[in-house]
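Construct the entire structure; sequences and hints are all you get.
What follows is the residue order along each chain.
2 protein chains.
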Amino acid sequence: MTADPKAFFESLFHAAVAAADPKTTIPAHLPARPKGRTVVIGAGKGAAQMAQAFEEAWDGPLEGAVVTRYGYGAPTEQIEVIEAAHPVPDAAGLKGARRLLDLVQDLTEDDLVVALVCGGGSALLPAPPGELTLEDEIAINEALLASGAPISAMNTVRKHFSAIKGGRLAAAAHPARVVSLIVSDIPGDDPALVSSGPTVPNTATRQDAQAVIEAYGLQLPEAALRHLQSTEADAPQPDDPRFSRNEVHVIASAARSLEAAAAEAGRQGINAVILSDAIEGEAREIGSVHAAIAREVALRDRPFAKPVLMLSGGETTVTIREKGGRGGRNTEFLLSLALGIDGVESISAFAADTDGIDGSEDNAGAFADHATALRLRKAGHDPKTLLAKHDAWGAFDVLGDLFMPGPTGTNVNDLRAVLVR
Amino acid sequence: MTADPKAFFESLFHAAVAAADPKTTIPAHLPARPKGRTVVIGAGKGAAQMAQAFEEAWDGPLEGAVVTRYGYGAPTEQIEVIEAAHPVPDAAGLKGARRLLDLVQDLTEDDLVVALVCGGGSALLPAPPGELTLEDEIAINEALLASGAPISAMNTVRKHFSAIKGGRLAAAAHPARVVSLIVSDIPGDDPALVSSGPTVPNTATRQDAQAVIEAYGLQLPEAALRHLQSTEADAPQPDDPRFSRNEVHVIASAARSLEAAAAEAGRQGINAVILSDAIEGEAREIGSVHAAIAREVALRDRPFAKPVLMLSGGETTVTIREKGGRGGRNTEFLLSLALGIDGVESISAFAADTDGIDGSEDNAGAFADHATALRLRKAGHDPKTLLAKHDAWGAFDVLGDLFMPGPTGTNVNDLRAVLVR
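Sequence order for the protein chains is A and B. Each residue of the first sequence is one higher than the one before, counting from 435 in the working numbering. Each residue of the second sequence is one higher than the one before, counting from 435 in the working numbering.
To be clear, the hints were calculated from the coordinates, so they are not data collected in a lab. Be careful, since some hints might not be right.
Copies of the same chain are indistinguishable here, so a pair counts whether it falls within one copy or spans any two.
Said to hold, decoys possible - Taking lysine-lysine and the DSS-like style, the derived pairs with C-alpha atoms no more than 30 Å apart in a straight line are:
| hint | residue 1 | residue 2 |
| --- | --- | --- |
| 1 | 818 | 479 |
| 2 | 757 | 823 |
| 3 | 740 | 469 |
| 4 | 757 | 818 |
| 5 | 812 | 529 |
| 6 | 457 | 812 |
| 7 | 457 | 740 |
| 8 | 457 | 818 |
| 9 | 812 | 469 |
Put into structure tokens, the structure is as follows:
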């Protein structure tokens, strides 16, 4: 690496963002041009950007539609962008889901369907089956969210109450070939769990759904419970012959971006380890744990041998206890970490939101090291007071250590990096 | 390891506690019997237990005194136990410090001084030098605690305002040989930092103390600032010939206990890693970070290869937001962790206070695994609600998963262990 940790950390950020940028990832996963038609479908908060990138990269005729959240649209030329409600589905979502199902009707085996799927599509594609209504689907979803069930359990239930989820959209496209390009927002990156997998089946059954409903004591509408008794609720299984020619590619995720940052560190001669792609919780507490592990490395060369870069992803939160400060979760994480590594000279750190904006400020994140707390004190500021006031933006602004790359056009949550030399 | 994770975790706990038990560690570090007198001195919250263990193990005549906190005494036969105030020093502490200095006067080079030192001794041994008063020493200490300075910086200041700290007690014992047996409560286990090192000098100088005072903007009494201008404030340096025959042994610490637990796991065929001996912060948040790293191991075999035991130490806290629940920091940590590993079958976990009592309950800690949350739900309890109510003791009581070894007679903070198979 270069002698300057800031330049090093910036290069990691750019590697992480590039690995998640649809303008990079979609061209790298383009299917072969079919004999017949090419139909693009898709859903999720980043679906319009994915559609744009696909249009740019695709050489040939093209049609289709994607559903995204209100306000998340982007100008496209051939692919229609439909906006609908998130996180509570609405009638626009119903129409959007219907439109996607219609688009894949009456295709032949010479046709290609490209599914562009990213996080948020579960709510954007309501498609209540049988006698169920939009209200029933909303009620099912609310019961799931309140239950605290993990995403895999939620998905097991959702896919049995939908005409589009759990691979049904891909099944509807048969005999066309379906290539799914997926940006994962799910820890573990199981593509069947992203937006409830409209084009990706999994093996969960009605009996599994029943077990989740009982385990979490879910209160579901009467019509839903009736629906689950009928074979109509059965979702297609992965070995269904209708899926035999399909392909699924996870083209971006928090884990992939962390791996890209780790690879960039490796190119600069620094061994990197990934702690987790899904660390959540109060930013200052997460900062203090990262500091404790970094101190253990600095003092005792464990659990990792120095020099080492520790990476983590996921999205922390800031519970505002005192108003008036400026700062996002990444600067709050870093200011807390700075207090934990105060004076331990071999440690430096970086944290930033991969979308380029940390909370509501103009920065993506910041840099910190062993001298951050000391420099704040020398500048007449008490770092603990700044942290208590949630004024972490102010702290790093004083020091000239904010990181401001501007919006990146992609989002795989946060990139946190702690270097111990 | 045995097939039963509970028995495995219990064996780790017992290994960690044994490694910190003065009844084990003191006999293992007994100096040779001297030609002359044997004088025991000491200070800290566990000093009376150390004195007891030394008396039991020592074969020969013996005299001395140790200073401990009010209510922390224990019956001894030859070593006097003096109780004094902690964390704000009082006149009993002044007399105790004086007594220790008197005990080591007029010794010869045939005599042996054994210093038994553990955490808490800084406050228990006030000894204002020159014209400084007890009130000055209290004021200096309050300024340090409010500054947020790390322990090494605090020590650099404290030892320049004391007639006993920073190796001065050992220097006073010259020409007797001084063997220090130290139980560390300091991350990094630098023996000069435990109780401000009355028998262990370090290299910090008056100029270093001045730099800390300026960096943290400490407001010190006028007399203190004057004292720092005089050479009288100079603390003896480690290469002082008066220390040439001395020995210092760190006989127990959180790190040593974690290492003992790791070694026990190794004997049972499980590779163990130590994340940190000093993780602090809100118990539920620390639990969620441990869960995230465990999931990363379970899902992707990183940052550690399965099977692996992850160990951490230190003391978490619980900020009570809703009253009426029962539970300590270790059960709160575990209940939060259980929600984070819900359904990830390969993960099990344990957390306990090494003193045998978690908070104000009758348990030391508890066991948890992938099925903890599910079993609570099946028993009609919502684990998230129990966590919100801080009723983690209740949760593990319902499941029969509390760990109740009773008081252990030692304390090196918490032992947290997460096993991923």
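Cross-check of the supplied hints:
| no. | hint | in the structure |
| --- | --- | --- |
| 1 | 818 to 479 | between (37 Å within a copy, 29 Å between copies) |
| 2 | 757 to 823 | both (7 Å within a copy, 26 Å between copies) |
| 3 | 740 to 469 | neither (55 Å within a copy, 47 Å between copies) |
| 4 | 757 to 818 | both (15 Å within a copy, 28 Å between copies) |
| 5 | 812 to 529 | neither (60 Å within a copy, 39 Å between copies) |
| 6 | 457 to 812 | neither (44 Å within a copy, 47 Å between copies) |
| 7 | 457 to 740 | neither (36 Å within a copy, 36 Å between copies) |
| 8 | 457 to 818 | neither (42 Å within a copy, 41 Å between copies) |
| 9 | 812 to 469 | neither (69 Å within a copy, 55 Å between copies) |
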